[in-house]
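Trainee: Listed below, chain by chain, are the residues.
2 protein chains.
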Amino acid sequence: MTRAFNFAAGPAAIPTEVLEQARDEMLDYQGSGMSIMEMSHRSRRFIDIAEEAEANLRELLNVPEQYDVLFLQGGATLQFAMVPLNLLREKTSADYVNTGSWSTKAIKEARKFCGVNVVANAEDDRFDRIPAIDTWSLDPNAAYLHICSNETIAGVQFQNFPETFSDPGVPLVADMSSDILSRPVDVSRFGVIYAGAQKNMGPAGLTVVIIRRDLVGHARKGTPSMLDYAVHAGAGSMSNTPPTYAWYLAALVFRWLKNMGGLEAMEARNRRKAGKLYTAIEQSNFYHCPVVKEARSMMNVPFTLPDPDLDGAFLAAAETRGLFNLKGHRSVGGMRASLYNAVPEAAVDALIEFMNEFEHERG
Amino acid sequence: MTRAFNFAAGPAAIPTEVLEQARDEMLDYQGSGMSIMEMSHRSRRFIDIAEEAEANLRELLNVPEQYDVLFLQGGATLQFAMVPLNLLREKTSADYVNTGSWSTKAIKEARKFCGVNVVANAEDDRFDRIPAIDTWSLDPNAAYLHICSNETIAGVQFQNFPETFSDPGVPLVADMSSDILSRPVDVSRFGVIYAGAQKNMGPAGLTVVIIRRDLVGHARKGTPSMLDYAVHAGAGSMSNTPPTYAWYLAALVFRWLKNMGGLEAMEARNRRKAGKLYTAIEQSNFYHCPVVKEARSMMNVPFTLPDPDLDGAFLAAAETRGLFNLKGHRSVGGMRASLYNAVPEAAVDALIEFMNEFEHERG
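The listed protein sequences derive, respectively, from chains Y and C. Using our numbering, the letters of the first sequence correspond one by one to residues 2 to 364. Using our numbering, the letters of the second sequence correspond one by one to residues 2 to 364.
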């Protein structure tokens with residue numbers, strides 16, 4: 002069996018070592034005679050996994066003590082509703098920055114619950130940049146300020162994060178679905194960080210929320226229990242049956258990340274991987290990256306060929322070299338190489354080699 | 002490796018054949034060089050799995066064409082909110098039958114959104130029965146009538162289902178989390194059937210909803226998108242990234258059920274399994290089942306020993322025989338043997354043999 006080089010945008014590559022362990026433990030978790038997915042979430046064995054996962058995630062991200070870490074369902078899309086439902090309190094509006102398709106969705110959902118001030122918007126620039134932070138028109142009375150730290154479709158990523166008003170405090174909320182754990186972040190600057198697992202943490206069906214504890218417990222009246230952070234925080238994310246197998250896989254990924262040297266090491270590796278690919282694109286007269294240099298994502302590298310008619314041939318030839326899922330999102334076209342943590346450096350090297358050859362043949 | 006006999010109430014046993022296939026395909030799904038959990042939910046391979054799962058579920062349950070089948074997240078607990086949010090329309094109250102702990106939770110959640118008429122309540126009987134249907138005080142103006150077809154904790158199960166008012170129609174809504182696919186049901190009698198996967202369908206983190214199409218599209222204004230059945234129905238349950246690996250495992254379980262002969266065969270096997278165990282309890286002067294005969298569940302068999310001080314010894318001795326997870330729910334004490342589809346008849350035989358021996362030694 003040969004493992005493919007998988008550049009999928011999400012659900013995405015999972016470390017081979019993690020899948021091997023999951024395979025080996027599938028029918029018999031540590032001599033129990035059962036799969037971990039056949040056990041109660043209240044069993045000692047599962048609780049050990051859940052606690053280890055939380056402890057390792059806290060250690061990896063250096064999460065301050067006064068934050069809760071929640072393991073939920075519903076994806077980032079459910080968070081688009083949970084954030085306003087829980088954080089609005091007496092406020093009537095929130096600030097949002099629109100840097101791409103995920104920001105746009107978050108804004109649309111928030112408008113169901115409150116006024117939304119779009120304080121910066123890169124739509125007119127076809128989402129090729131992060132609007133300069135000093136140009137944002139922040140509202141000191143906003144319930145919170147929402148950003149998406151990395152946009153998978155356009156391939157833009159925040160390189161640094163805004164300061165928000167501190168008195169009265171405006172919490173900074175970030176959808177980090179597609180770059181969590183790819184680099185260290187200073188969690189203390191955020192009120193809420195949330196992320197679907199299916200890019201850098203494990204399989205789809207698990208959502209991690211890191212929330213400053215003073216923001217928990219203020220859900221709007223009539224909020225469904227499962228959408229109230231306080232319900233989950235008060236029950237160790239086991240108010241109802243959690244997605245135990247996805248949680249277990251995330252625990253294995255967190256352990257793998259620690260073995261890889263933690264987030265400083267991952268960031269160095271990710272910078273190297275993305276740097277190589279962007280350099281190859283820059284040095285070519287054939288490939289083009291539409292994103293301005295300062296905003297380029299380490300996670301998702303979009304690029305185009307000189308003629309869209311070449312796209313099909315490029316993708317087909319790539320697959321013969323074991324390079325999969327390079328097709329760009331239908332809304333932007335071209336190619337996209339997603340380089341999440343689990344994508345090895347060898348995959349990027351193989352991609353660049355192939356790209357050079359393809360350019361030589363067709364350019 | 003020996004597989005344990007696993008009587009867990011949920012998350013619960015999964016067919017060994019399903020786990021074996023999942024293990025074998027973990028690193029390389031059908032020559033793709035990837036795990037199915039590493040693939041986009043919009044990839045051809047995953048869509049084939051998703052479509053097969055729906056087709057097989059429809060075939061197993063004989064779901065009429067005018068019903069949507071949804072594969073969601075959030076568990077039955079999220080359905081406790083989604084049902085009123087989507088089905089209330091202009092109505093102000095709904096009818097609920099309280100047959101145990103899950104009904105009670107559904108009622109509590111519904112009260113956030115509407116008036117709740119508890120039309121029958123077995124609480125004063127310590128949930129040892131299903132209140133006779135002809136005693137229920139149904140409201141013809143109710144938005145719907147909600148039941149829980151099987152209560153895992155008390156071990157009571159509906160043997161037949163109520164008629165509801167047909168003009169104006171009062172849809173019957175059933176939480177079938179713990180007995181879906183254990184027997185044939187006439188889906189056409191229900192407006193909505195919902196079930197968490199973690200008893201009879203697969204791992205925790207997947208929720209199946211079967212809903213008559215005319216009930217879709219009426220969500221209350223301000224309902225979060227992810228809680229609107231119309232959003233999911235309109236997108237083939239892929240409005241956002243679905244829990245793909247759990248969906249894949251459910252697909253394997255559905256295939257296994259078809260290979261086992263479908264739901265008539267499962268019901269016969271489940272009746273045989275539960276019948277044996279209830280008979281053994283009846284014939285003993287040692288064990289006692291607190292549930293009235295007519296309401297006894299095929300899925301969850303609660304029983305007590307003559308003295309709770311024996312419980313620890315019983316559980317410890319059972320484990321030495323490879324019989325696991327027999328401890329009753331903390332709210333009722335005693336023992337509980339859950340006999341879901343994936344629990345083989347040999348497990349029940351081994352349990353009965355052990356129970357007889359334990360009675361002989363300690364009785």
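Keep in mind the hints are simulated off the structure, nothing from the lab. All values derive from a computational prediction rather than experimental measurement. Among the hints, a few may not be true.
Said to hold, decoys possible - Cross-link-like lysine to aspartate or glutamate pairs, in silico, DMTMM-like; alpha carbons within 25 angstroms at most:
#1 C:Lys106 x C:Glu66
#2 C:Lys222 x Y:Asp229
#3 Y:Lys222 x C:Glu265
#4 Y:Lys259 x Y:Glu60
#5 Y:Lys109 x Y:Glu21
#6 C:Lys328 x Y:Asp126
#7 Y:Lys328 x C:Asp49
#8 C:Lys277 x C:Glu320
#9 C:Lys92 x C:Glu164
#10 Y:Lys259 x Y:Glu21
#11 C:Lys109 x Y:Asp129
#12 Y:Lys328 x C:Asp29
#13 C:Lys328 x Y:Asp29
#14 C:Lys222 x Y:Glu91
#15 Y:Lys328 x C:Glu52
#16 C:Lys106 x Y:Glu21
#17 Y:Lys109 x C:Asp229
#18 C:Lys109 x C:Asp126
#19 C:Lys113 x Y:Asp229
#20 Y:Lys222 x C:Asp49
#21 Y:Lys113 x C:Glu91
#22 Y:Lys294 x Y:Glu26
#23 Y:Lys113 x C:Asp229
#24 C:Lys328 x Y:Asp350
Trainee: Confirm or reject each hint.
Mentor: Outcome of the hint check:
Proposed proximity of C:Lys106 and C:Glu66 is contradicted: the alpha carbons are some 31 angstroms apart, above 25 angstroms. Between C:Lys222 and Y:Asp229, the direct Cα distance comes to roughly 19 angstroms. Compliance with the 25 angstroms bound is thereby established for this hinted pair. For the hint pairing Y:Lys222 with C:Glu265, the CA-to-CA distance comes to about 46 angstroms; that exceeds 25 angstroms, so the pair is violated. Among the hinted pairs, Y:Lys259 with Y:Glu60 is consistent with the structure: their alpha-carbon atoms are about 9 angstroms apart, no more than 25 angstroms.
As the CA atoms of Y:Lys109 and Y:Glu21 are separated by approximately 40 angstroms, the hinted pair breaks the 25 angstroms bound. For the hint pairing C:Lys328 with Y:Asp126, the CA-to-CA distance comes to about 61 angstroms; that exceeds 25 angstroms, so the pair is violated. For the hint linking Y:Lys328 to C:Asp49, the alpha-carbon distance of about 20 angstroms falls within 25 angstroms, and the restraint holds. For the suggested pair C:Lys277 and C:Glu320, the alpha carbons sit about 21 angstroms apart, so the restraint of at most 25 angstroms is met.
Distance hint between C:Lys92 and C:Glu164 is fulfilled; the C-alpha atoms sit about 20 angstroms from each other, no more than 25 angstroms. Taking the CA atoms of Y:Lys259 and Y:Glu21, the gap is near 17 angstroms; set against the 25 angstroms cutoff, the hint holds. Under the criterion of a C-alpha separation no larger than 25 angstroms, the hint pairing C:Lys109 with Y:Asp129 is inconsistent with the structure, at around 48 angstroms. This hinted pair checks out: Y:Lys328 and C:Asp29 have alpha carbons roughly 21 angstroms apart, not beyond 25 angstroms.
At most 25 angstroms may separate the alpha-carbon atoms for a hinted pair to count; C:Lys328 and Y:Asp29 meet this at roughly 21 angstroms. Of the pairs offered as hints, the one joining C:Lys222 and Y:Glu91 holds, with about 20 angstroms between alpha carbons and a cut-off of 25 angstroms not exceeded. The hinted pair formed by Y:Lys328 and C:Glu52 meets the criterion: a straight-line CA distance of about 23 angstroms does not exceed 25 angstroms. The straight-line distance between the Cα atoms of C:Lys106 and Y:Glu21 is roughly 39 angstroms, outside the 25 angstroms bound, and the hint therefore fails.
A hinted pair counts as satisfied when its Cα atoms are at most 25 angstroms apart, and Y:Lys109 with C:Asp229 qualifies at roughly 15 angstroms. This hinted pair checks out: C:Lys109 and C:Asp126 have alpha carbons roughly 20 angstroms apart, not beyond 25 angstroms. Taken as a hint, the C:Lys113 and Y:Asp229 pair is honoured in the structure, with Cα atoms around 13 angstroms apart against an allowance of 25 angstroms. Proposed proximity of Y:Lys222 and C:Asp49 is contradicted: the alpha carbons are some 42 angstroms apart, above 25 angstroms.
For the hint linking Y:Lys113 to C:Glu91, the alpha-carbon distance of about 20 angstroms falls within 25 angstroms, and the restraint holds. Between Y:Lys294 and Y:Glu26 the CA atoms are separated by roughly 44 angstroms; this puts the pair beyond 25 angstroms, and the hint is violated. For the proposed pair Y:Lys113 and C:Asp229, the alpha carbon gap of about 13 angstroms is at most 25 angstroms, so the pair holds. A threshold of 25 angstroms between alpha carbons decides the hint, and for C:Lys328 with Y:Asp350 the separation of about 54 angstroms lies outside it, so the pair is violated.
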